[in-house]
Each structure stands twice: as structure tokens, then as C-alpha cells.
Amino acid sequence: MTLKWVLHWQPNAGSTVNSQILSEVSQCVESINGVKEGRWRATLTFYKPHTREQSMAVDFPRDFLGISLPEQPNKYYFIIRGQRIVLEADSSIQTLMEKLQSYKTRVALHFDGFQYQLGDFQLRVGKVVPTHSENLRGIVMEVEYVPISSVEKARQIMEEFLDIWQEAVSKRSLPGHFMHMEPNFAEYGLTDHYTSQHTAVQYATVMAQLIATVQAVQSVRN
Amino acid sequence: MECVVQGIIETQHVEALEILLQGLCGVHKERLRIHEICLKSGPNLGVVASEVRLLCDLEQPESTWTVRHIGGAMRGAGAEQISVLVRTMVESKVSKNALRLFYALGYKLDHELLRVGFTFHFQRGAQITVTVSSVNKMLKLHATDEAVPVTPGIQLVEVTAPASAENYSEVVAAVSSFCEYLAPLLHLSKPGISTGVVPTAAAAAASLMSDGGGTPL
Chain A
1 MTLKWVLHWQ PNAGSTVNSQ ILSEVSQCVE SINGVKEGRW RATLTFYKPH
51 TREQSMAVDF PRDFLGISLP EQPNKYYFII RGQRIVLEAD SSIQTLMEKL
101 QSYKTRVALH FDGFQYQLGD FQLRVGKVVP THSENLRGIV MEVEYVPISS
151 VEKARQIMEE FLDIWQEAVS KRSLPGHFMH MEPNFAEYGL TDHYTSQHTA
201 VQYATVMAQL IATVQAVQSV RN
Chain B
1 MECVVQGIIE TQHVEALEIL LQGLCGVHKE RLRIHEICLK SGPNLGVVAS
51 EVRLLCDLEQ PESTWTVRHI GGAMRGAGAE QISVLVRTMV ESKVSKNALR
101 LFYALGYKLD HELLRVGFTF HFQRGAQITV TVSSVNKMLK LHATDEAVPV
151 TPGIQLVEVT APASAENYSE VVAAVSSFCE YLAPLLHLSK PGISTGVVPT
201 AAAAAASLMS DGGGTPL
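Residue numbers (the working numbering), protein chains in the order written: chain A, 1 to 222; chain B, 1 to 217.
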């Protein structure tokens, strides 16, 4: 599995994400000679415990989520971020969880967009939308460096690419910027050798950021 | 979904059973050493209690994990008439963090077992698996090296085959038909309906052992 960084769009204080920004970002990729290849989609589901009474739900994790990734069509990933747990399973685990009836879907989101080839890099730009809605909640970007699988060995080249990318985006004077927050993979029991479990953990981290941003905007409004 | 029958056999006759199965299946046995951890949902989780089993295959150089949920058995007059249990079953391979995940979700350890024995996987009208194993309990939590048989001198035989709503009748027929070949040595029936050892077992075993398995049935 080759290494990737998952970035998310961090709007400036007081501004929100919109489809205009998404369009500008996509144009930006093409302006640095990214070749559009096709669509991609990942789906993330937040689960909530199924309890007889609402008050009992506090005893169970609030940050239990699952994600399916396009590069692993037969797999599904569970993450409990607060306890630094990540699990890779067959897709059938979703059916298994449904049969248990102990956890239900609280909300499901799609990461949806286009994939681009840029030399040794593969880029994906995607909007974050709830399933059954077109309400844009965020923008994510995957930067994959194909030749290397080591988290540490790829760090320098990824940082250099990110500098180039951030500069290209800043020229468009958009109200925000892309952020990369690298989780501590070791805390999840993951090694330097990159896997789809690393990707799942990055998405869980991105979601935590997106939620924090939405909550911050809401508290300013209130 | 899966079709299941079970039976018991005295440990002294297991070698004869192995010879019989080898002759019938035409494949080699695979060794089995599975640590089975049975979890139940905690008191407030879910409107109804749920159970899940974590299976750790200790026979592999690096232990591999599977999560399995066994659901309700098929019910109704039709189901009662067939001698094979048909039930829902979902399983998934998982990475090694499964126990930590389920504990974090609010599941608790109900009991754990160590199954030691062998399996035969083969195709005979359906994809059939025969498992012959001793069921052992651990004296200390997760101490698989210190396990003792739950029923010394007796081993469990399980015949299972995956099925779907469309083909379960054929699978039931295939399993039933296969079980008839084992009748001299053991009686197989739905789990929960125990029949004990069969009186012909000793004679059948002696015949198989002296034969060396050379005569196919």
C-alpha cells in the first residue's frame, strides 16, 4: 500500500466551505498539470449505540465509525478514535453489525470527487456530503506518493509537494487553506509501513476536525 | 446461512473416524487449534442481548482472527421435519484488534474455549466441512497453554455447509446423505438434540482400524 496524506479544507474564521471553493481547488489541480482520471468515492458512517433508554447511551463510545475505501472494495474499517482503535474487516462485518442490533447508523457521509495523476503522485479531491443530500459539509484531498510505502521515508517529499500545492492554492485567494494533521499511527498499533488502516485513521482524524469546525461556527452564530 | 449437525464420539474412536473421513473425502485433514472467545452485550446495550464469537486460529504461524455471529434457526413445520439445522450465520475476517474493539463497544466476555482437533473440507453436493475436536476450557483468562477438556474422553463432531435461501434444500440433502456414511461410528443431529454415542461405534472402529482404511464404503 503506497503512502497517502489526507488533507481537509480549513475555512478561515467566519467563513464556510462552498462549491465555488471546490471548483477553484479542482481547477488548481489541473493548473499544476494534474490529469483527470475518473471518479472516486469513500463512505463513512457514524454509529450510535442502540439502548432502551436515551440516557444509557453515555456509557458507550460516541466516536465509533466505519469507513469503506475505494481501493479496498472487499474491506471495511472500524475506528474508535478516542481509544485509538482501528480494525480492518471483510465487508461482511457490516451485515454482522446489523444482525447484532447493538449499534445503528447515526449519520453517513460520502467523500465524492475526481482523481488526478501528477507524475508519481495521485491526487483525489472530494466534497464531503451527507448521503441523500447535496449539502456540502467539507472538502478533502488525498495526496498519494506511489513509489514509497514508508511513512517516514516519504515525509520530506510529501512536505515539499504540499508546499508547492499550498502556494498554488494561495494564489487563488480563497477563504481558507488545506491542513494536514497526522495522527500518531503508533498509538493505533500501526507501523511505519503504510496500509489502508492508516488511511482509515486519517479519515477519522479529518472527521473530528470537520466536526470541530462546524461546532465552532455554530457557537459563534449562537 | 449454514446447515449444521453435531454428534459426539469417544476419543478412542477418533482415529477410526479419521480413516473413514479420509476415505470418503479424498482430501487430507487440516489441523485445528482455535481459541474461541464468546462475547455477550453488556446489560444496557441493545434492545435485545446479542452474542458474537471471536475465533483465533492458533494453527497459523501468525494468528488470524474471525468474528462470527450465529443467528436464529429456521422455524416452522418444514424446519422441524428436516434433520439438519438451518440457521443464519455471518462471519468476517478481522485484524487482531477485534477483542479490544468489542470490549470498547460494550461487549463482555461470556466464556472462552479452545478447540483442538482436525477438519476436512471437501465438495460433495455442497461445500462440506467436518470438524472433529476436543473442547477445552481455560483455567486462567486466555491461557490457551493451560486448557483442560470439558468432557474428557469425548470429542465433538460437527458437519457444516454454507447455504443460501435459494439452495438450502440441496445443501440439507447433501449433508444428510453424507452423514449416513458416518452412521456406524456416530449419530449426527441438530445441535441441542443430543443422542449420545452409538452402540455400533466400537465394532465399526475396530473394523476400520484393521482394514487400514483400504476398503471404501
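For the record, the hints were derived by calculation from the structure and aren't laboratory data.
Among these hints, one or two may not hold up.
If you want the footprint, here are the derived chain A segments under chain B, 3+ residues with CB under 8 Å [unchecked claim]:
1) 15-23
2) 41-51
3) 83-91
4) 112-122
Model, not experiment: these values are computed from the prediction.
Positions of the beta carbon are idealized from the N, C-alpha and C atoms, including for glycine.
Do the hints match the structure? See the list:
no.: 1; hint: 15-23; in the structure: violated (count 0)
no.: 2; hint: 41-51; in the structure: holds (count 3)
no.: 3; hint: 83-91; in the structure: holds (count 8)
no.: 4; hint: 112-122; in the structure: violated (count 0)
When held up to the earlier numbered hints, the structure conflicts with 1, 4 and fits the remainder.
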